[in-house]
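We have chain A; now place chain B onto it with these hints.
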Amino acid sequence: MTHPLIQISGLEKTFSSETGWFGQWHLPGFKGRGKTDQIYALNGVNLTIYQGETLCVVGETGCGKSTLARSIMGLDEPSAGEIHYLDQRIDHLNNRQRMLFRRRMQMVFQNPYASLNPRMTVYQTLSEPIAFHNPQLSRLDVDEQVETLLESVGISANSSDRYPHEFSGGQRQRISLARALSVEPEFIVADEPLSALDVSVQAQVLNLMMDKQEEYNLSYLFITHDLAVVEHFANRVAVMYLGRICELANTSTLFSAPKHPYTQALLSAIPRLDSTAADPIRLIGEVPTPTEKPIGCVFQARCPYANPRCYSESPEMRLQSDGSSVACHAIEESRL
Amino acid sequence: MKHIKPDLAAPIPGSRWRHMLSGFAGDKLAMLALFIFLFYCLVALLAPLVAPFDVDDPAFMDLLNAEIAPSWISHDYRFLLGTDGQGRDLLSIILYGTRLSLTIGVCAVILQASIGICIGLIAGYLGGRVDNFLMRCADIQLSFSNMMVAIVFLAVFQSIFGVAMYQQLAMLVLILVIGLTEWPLFARTIRASVLAEKQKEYVDAARVMGISQKRIMFRHILPNTLSPVLVIFTVQIANAIVAEAALSFLGLGMPSTEPSLGSLISEGVSYMFAGSWWICVIPSTTLIILILAMNLLGDWLRDHLNPRAYKD
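Listed in order, the protein sequences are those of chains A and B. If you're matching positions, the first sequence starts at 1 in this note's numbering and goes up one per residue. If you're matching positions, the second sequence starts at 1001 in this note's numbering and goes up one per residue.
What the hints contain is simulated information worked out from the structure, not anything from laboratory work. Treat the hints with care, as some may be off.
Simulated coverage check for chain A against chain B, where a stretch passes if three residues somewhere in it have a Cβ under 8 Å from a Cβ of chain B [unchecked claim]: (1) 86-100; (2) 106-115; (3) 121-135.
Among the chain B residues that face chain A by a calculated CB cut under 10 Å, a handful are [what the hints assert, rightly or not]: (4) E1201; (5) Y1202; (6) A1206; (7) G1210; (8) R1215.
Glycine included, every Cβ here is placed at the ideal spot set by N, Cα and C.
One chain only, chain A, in its complex shape (with noise of 0.2 Å):
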């Protein structure tokens, strides 16, 4: 539990949308370029991750908790930062080195609609990983993988020649997760699982990838909207707040004791049974776009506590005396 298994520092990732195709021909000494527009999705993360656990990134849409995972997985290339899988830097290799890396670390996709090739039969999107990635296997053995491997997300294995189209989004969700155990991954990163379901079939994918986890030990990297499925199933919860973390603790501490102003106005927007007189906190202030790079705190157009030091001068992440870190000049302050 205790042992980091993959750790990020100062992550950064920057998408440029230049549009015309003659601007993707950088000719040398030709500087009549228009500007182009560049949006700052991650701006330097720092996160570790330890075995064992699960991880809960929440965060508004458009935080960056999606580019997060992209860029853990290797789907994106960041700007700037390092990963660390273990003791090895993974974040500038190619697919060809990756390729060691590619059975240790798995994904689970939001739709389950689009993440199965609808031209491929279960078996197929199963036997392809198993067989890819130990070549040694014969035929009868992969087959045999492929059996068993249904029938522990339960999905039974005579419907292995049917295509996706003839399932339920539940079970798709559960044939995903068998397609990223396939290869016996240490590591899942799950990109809002559960969104595209229904919320009793929601429980039934939560309580397989639990299953999972205590039989193979896994680490999750889960990213969700969803708070109670937070507070259910996570070891640790960060919050994500236009590109960076603003607070990051364990689960019970942060839904007892959110501290970063953005944590406590996300919490009290829960609905509640039990507390119907509280008021939600309401934010006020523009959303901010992530199209400039943010100059001092991510929070300050909406914080209610900024002062001239939160608009030039970026917090740093902080550890409490409660084991959570939070990046706040308020809290560091004495202020909150």
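This is chain B only, laid out in the frame that chain A set:
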């Protein structure tokens, strides 16, 4: 609404092919088109068996029999459809001509499709500069009229290698010329579908698995982009046959010793005003029916493979 049958109420489970076949059976025009196309294919394949005369026999061409009208006019029952200006049995040479035209059409389109699919997949999947370069190549190719390229190429080929050499290689050269000039149509269609497909998560999932780019392109993305290609494929075969006929008509296609439908029409035109209309009209009708059937099939496939297409 009088045709509602009770057993049609339940949706039929099963593969898309079965769905297509059931749709096919309901469309009489498509059935007819398919039947005609299969008939042409069969006749083309079996031409040596079906043809009443052996075209390789030196006695086949006999000027004494020249310009005999079809049997229902001349009552000469040796030649069902009459003979051409050189005394060849029209039915036999039409059968062989159909065989040649179909072979050239199908081979040329297979060539077009393989080039177009590879270029379209690479351009769409890799994107960026590769995409720009390949698509500008396609634009340049499209800006030349296909017929112009073919005429220039065939004329140059004939003048360099001589007519004798050309007559030997005519079929191969025609396939190459027609095949190489029309690939951008396939490339653009495939590229557009690939751009849509590569955003989907199953491609990311395959990348995360470490599957190679080549395999992702050809095994994962390509099968999902094939429906529009099938439609273009049928229509392009019709176009290629027409292109070959046009080139032959201009004297740049198949030589008259080994005539395709186009060269038959071309020869027939000069007899048209001499009263021997059948030498031109019968091969033309054969060609028109073939092209019509191909286009009907293509239309039908487009309707059924693309559920988003407008239907009234």
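Verification of the hints:
no. : hint    : result
1   : 86-100  : holds (count 3)
2   : 106-115 : holds (count 7)
3   : 121-135 : holds (count 4)
4   : E1201   : 4 Å, holds
5   : Y1202   : 4 Å, holds
6   : A1206   : 8 Å, holds
7   : G1210   : 4 Å, holds
8   : R1215   : 9 Å, holds
Against the hints set out earlier in the document, no violation occurs for any number.
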